[in-house]
Structures are given as structure tokens and as C-alpha cells.
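Asker: Following the hints, complete the assembly by docking chains B and C onto the known chain A.
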Amino acid sequence: MNVILIASDLLLGAGMLFVLTGAAGLYRLPEFFTRTHAASITDSAGAGLVLLGLLLRVEDLATGLRLLLILLFLMFTSPTASQALARSALDDGLRPLVRLGKRPR
Amino acid sequence: MTAFHPINIALFAILVITALAIARIRQLFAAAMLSGLFSLACACIFVLHDAVDVAFTEAAVGAGMTTVLFLCTLALTDSREKSTPPRRSVPAALAALLTGAALIYASADLPKFAAADTPVQQHPLTERYLRDSATEIGIPNVVTSVLASYRGYDTLGETVVIFTAAIAVLMLLGRTAHAKTSDAVMSLHTRHRVLRVVTKLLVPFILVFALYVQFHGDYGPGGGFQAGVIFASGLILYGLVFGLEAARGVAPVRVLRRLVAAGVLIYGGVGVATLVAGGAFLDYDALDPGHPATGQHLGILLVELGVGITVAAAMLMLFLSFAGRRDAR
Amino acid sequence: MIASHYSYWVSMALMMIGLYVVMSHANLVKKLIGLNVFQVAVFMLYISLGKRADGTAPILDSAFAAYSHPLPHVLILTAIVVGVATTALGLALTVRIHEAYGTTDEDDALKRDSAQGEPR
Chain A
1 MNVILIASDL LLGAGMLFVL TGAAGLYRLP EFFTRTHAAS ITDSAGAGLV
51 LLGLLLRVED LATGLRLLLI LLFLMFTSPT ASQALARSAL DDGLRPLVRL
101 GKRPR
Chain B
1001 MTAFHPINIA LFAILVITAL AIARIRQLFA AAMLSGLFSL ACACIFVLHD
1051 AVDVAFTEAA VGAGMTTVLF LCTLALTDSR EKSTPPRRSV PAALAALLTG
1101 AALIYASADL PKFAAADTPV QQHPLTERYL RDSATEIGIP NVVTSVLASY
1151 RGYDTLGETV VIFTAAIAVL MLLGRTAHAK TSDAVMSLHT RHRVLRVVTK
1201 LLVPFILVFA LYVQFHGDYG PGGGFQAGVI FASGLILYGL VFGLEAARGV
1251 APVRVLRRLV AAGVLIYGGV GVATLVAGGA FLDYDALDPG HPATGQHLGI
1301 LLVELGVGIT VAAAMLMLFL SFAGRRDAR
Chain C
2001 MIASHYSYWV SMALMMIGLY VVMSHANLVK KLIGLNVFQV AVFMLYISLG
2051 KRADGTAPIL DSAFAAYSHP LPHVLILTAI VVGVATTALG LALTVRIHEA
2101 YGTTDEDDAL KRDSAQGEPR
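Order-wise, the sequence lines are chains A, B and C. What the first sequence shows, in my numbering, is residues 1 to 105, in sequence order. What the second sequence shows, in my numbering, is residues 1001 to 1329, in sequence order. What the third sequence shows, in my numbering, is residues 2001 to 2120, in sequence order.
So that you can see chain A by itself, here it is in the shape it has in the complex (with noise of 0.2 Å):
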């Protein structure tokens, strides 16, 4: 079953891949509304990719069963966190950067 762990490999890697990338651009992206945005890449589709590769290597069915719930429950879950700061934001008076060098109102 070699295939298989290549491509539960595959899939931790790029789980991996996208948790660094919201760290890095939690880090570096400008405003806030953007940095929301990377900060669910790491929760949905790091988290995500990452439950799925391990969902490859289970021995049983009972730890897949329990896999694919959290991966269920990660699903409904990170996209709602991050859309109500979003909402949040936008309800307090905070407006996304539409062009670089000047802020609007």
C-alpha cells in the first residue's frame, strides 16, 4: 500500500504548506480583512488537508469514523469563526483597504 502513504504524504505536506502560509501571511499582509483571510486558510484548509492525510493512514474503522467527524465538524466550524470577525469588524466601522496608499473612510 505504498501508494496510499505517498499520497497521505502528499496530502500532510500540503496541509503543512498551507498552515505556513497563513502564519506568514498573518504576518506580513496589510490590513485587517486580509489577514482574516489567511488566518482561515490555516483553519480550514490546513487543518483540513492535514485530517485527510491522516484519514489515509487509519488501521480502523472506528479512528476513520472519528477522523472524518472532526474533519466534519472543522468544516462547519472555522469558516463561521472567520466570517463572524469579519461581520464583527464591518459592523464596528472597520472598512477594507481598497487601494494601497489611501485608506477610505
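Keep in mind that the hints were calculated from the coordinates and are not lab data. We put the beta carbon where it would ideally sit given N, CA and C, even for glycine. Hints are all accurate, no fakes.
Using 30 Å as the maximum straight-line C-alpha spacing, the simulated DSSO-like pairs for lysine-lysine come out as follows:
id : chain 1 : residue 1 : chain 2 : residue 2
1  : B       : K1082     : C       : K2111
2  : C       : K2031     : B       : K1082
3  : C       : K2111     : C       : K2031
With the C-beta cut set under 10 Å, the calculated list includes, among others, these residues of chain B facing chain A:
id : residue
4  : R1191
5  : H1192
6  : R1193
7  : V1194
8  : L1195
9  : V1197
10 : V1198
11 : T1199
12 : L1201
13 : L1202
14 : F1205
Answerer: For chains B and C alone, kept in the frame of chain A given last:
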């Protein structure tokens, strides 16, 4: 797993950096969230140290309940702190460094990490708990059997501590005058439509999961404490998204007060029942004289139920007291 | 020596950072956050004493022979829950202090206390 394993190094690094950031950051909302992150990273370390029950509790309590309580307090008080003057920070740093040096000097006497021949592992109690609990009690999760049966009296004291904390917070913060939630707050709730829909979908599953953890604590990580905290978290989520009045409608404070006491009564009641049946206090063998293992199962089930009820009601009462304080002012 | 003891040292370093926060910061909520850090680091030290290299989680299973010691787990479970109870009580007192003195800074509250003679 013992020496410089990469995941150990990574988690320790996260913990140290987070602790230093908590010490330096003056915006308290950020410090509260970092303390939640600290608890979660520590829960990962607990899993690596094979302490799965403890990791479960730490994640639920530390990263969940404590963060909520901190945020509620910060909503009621100031959320920025003044910078520390040197007349406070220098003596404190000196004292911390001296204590740390003394601890590290003393740690030379500690046994090698994860060795199999340490005094902890060689103690005869280890054999008693790990070997005999299979025949005497017969449930796979040794931590639950030690917590609820071998050291059941300690757990009774712990349940009473939670009960006391809930009562004390009620005395300090619980005003019965409930102001109607203002229109500004209500419209805030209606604007978060995605959050409301997803919460309505998820809360039943959170509550069912709490019940699963409660009753599955004999066979895997779990038990009364974790279940109680998860149950309370589900209802706290409901209260945060739908408003305090909705949360109070589901869990009125007068019902919670009775539930908190009922849990402790169930626990003590099992002890009295064993006394009446002829054994010692909390000696579950007496509950079913012919089959002690069945008596143990029944005793552990009832006792964990009492713990779960008290913890859930107490955590809810804590949240409602803190959150209701703003309306009552 | 380093490889066998460094996990204890990390816990002790975290304990000392938490202790420093409790002692040096004047803000009451920050003190409680520092106390939480101290507490969790103590739990880590305790749990690491029960770990066994060839062991597994103390859930009896026919596939495993050696288990990590369950007693530190039980004691720390109790300690975690007692810790959250104490933190909740401390935070409730902080809220009341803020309502009485208008500040959560300990130095300011003491100054107001000695200036007025008694709190409002």
C-alpha cells in the same frame, strides 16, 4: 519520545513564547486569548505524556471555560493595563530567577524523564491500580476507576469545591433584577445570520457528545468533569449567540441552583446508601453484595452522574452570573 | 543530563514566568492570567513524572503490557477543576473591586483606599 523529539521541542517552544508574550502584552483581551492558546498547547503535551483524560479536561476547561470567564470579566472592567514600573518588575524578576535557580538545582535529584525504574513507577500502588483494578472493578479506564472508586472521597471533596465556587460567585455577582436586553444588542444578534444558523445546527450535537463523554468515561477518556464542561459549553455558546434571555429561558438560575446541589447530594447519597447497605462510606462493593464488580460499576455510574450534573450546572451558573452583571448595572 | 531533565526545566521556566507575572503586574486580571500559566506549568511537571517511555495511556487493553502511572493523572484532574473554580472566584472579586474602586489596578485601588479612608 524521551530525548529531543521534534514535536516536543516545537510544543515547548510554543509554550515558552506564549508565556513570554502573555507577560509582555498590555492589551488584556489578547492576553486572555493567549492564555487559552497556552492551555491548548499544554493539552497537546499532556497527550504526548499519555495523560489523555487530563488533556481532555485541560482543553475543555482551560481553553474553553477559563477563556470565556476572562472575556466576560474584561467586558465588565478595563481591558488595558498600565505599564509595569521598574520598582515592581525588578524585585519580581529577581525573586522569580532565584526561585527558578533553586528549582533547577533541586531537579538534579529528580529521576530521568520517562524511565521505568523511578520511585513513582516502582511503588506497589502502581501494581494495585493497574493489575487489581481489572478484577476488583473491571472497567478499562484506570483513571476513572481510581478517581471514582479508589479515591472517591477526594472526588467528593472536589465536587463540593465546585459547588462552593458556584455559590460564592452567585453571592458576589448574582443580582436577581434582570433588565430586558437592549435593542442594540438584539439587532447585533440578528445580523450574525451565519453564526446563528450554524450554532443552531451544532448545539444538539455538542450536547449529545457531552452525554457520550459522560457515559463512555469507563471505556475511554472521559467522565463527569469533561462531560459537565462540554454540556455547559454548548449552552454557553447558545447564550452567546442568541442572547442572555434565551440562555436563561433554557437554564433558569433557580433550576441551576437546585441542580448544583442535586449533584453533590447524589454523590453523598451513594456514600450514605453504601453505609446503609453495610459497607464503609463510598465502598461500592456493598451496593451489590453478591457481585462486587457490579456494585462498583453502579457506584461509579451514579457518582460520575452526580459530578457531571454539578459541574454542568456550576459552569452555567458562573457564566450567567458574569454575563448578567452587565444588564443588572 | 540535559536530555533526561530538560522537560522538567521547561516546566520550571514556565512556572517562573507565571510567578513573575503574578508578582510584578499590578492589574488584577493580568495577575489571574499569570496564575493560570503558573498552574498549568505545575500540572505539566507533575504529569511528566508519571510518564513511562514504553508505556501507553492507562486504559487497560490486552495489546499493551506497560502503562503510564494513573495516579498523577487523577490528582491533576482534580487540580484542574479546582483551579477553574478558584479563577472564577478571583474574577468575580475583581469585578466587584472594579465596581467599588473604578479600577482593576491594585496600586490605584490602594491609593484610593488610603486617600479616602474607606471605599465607596
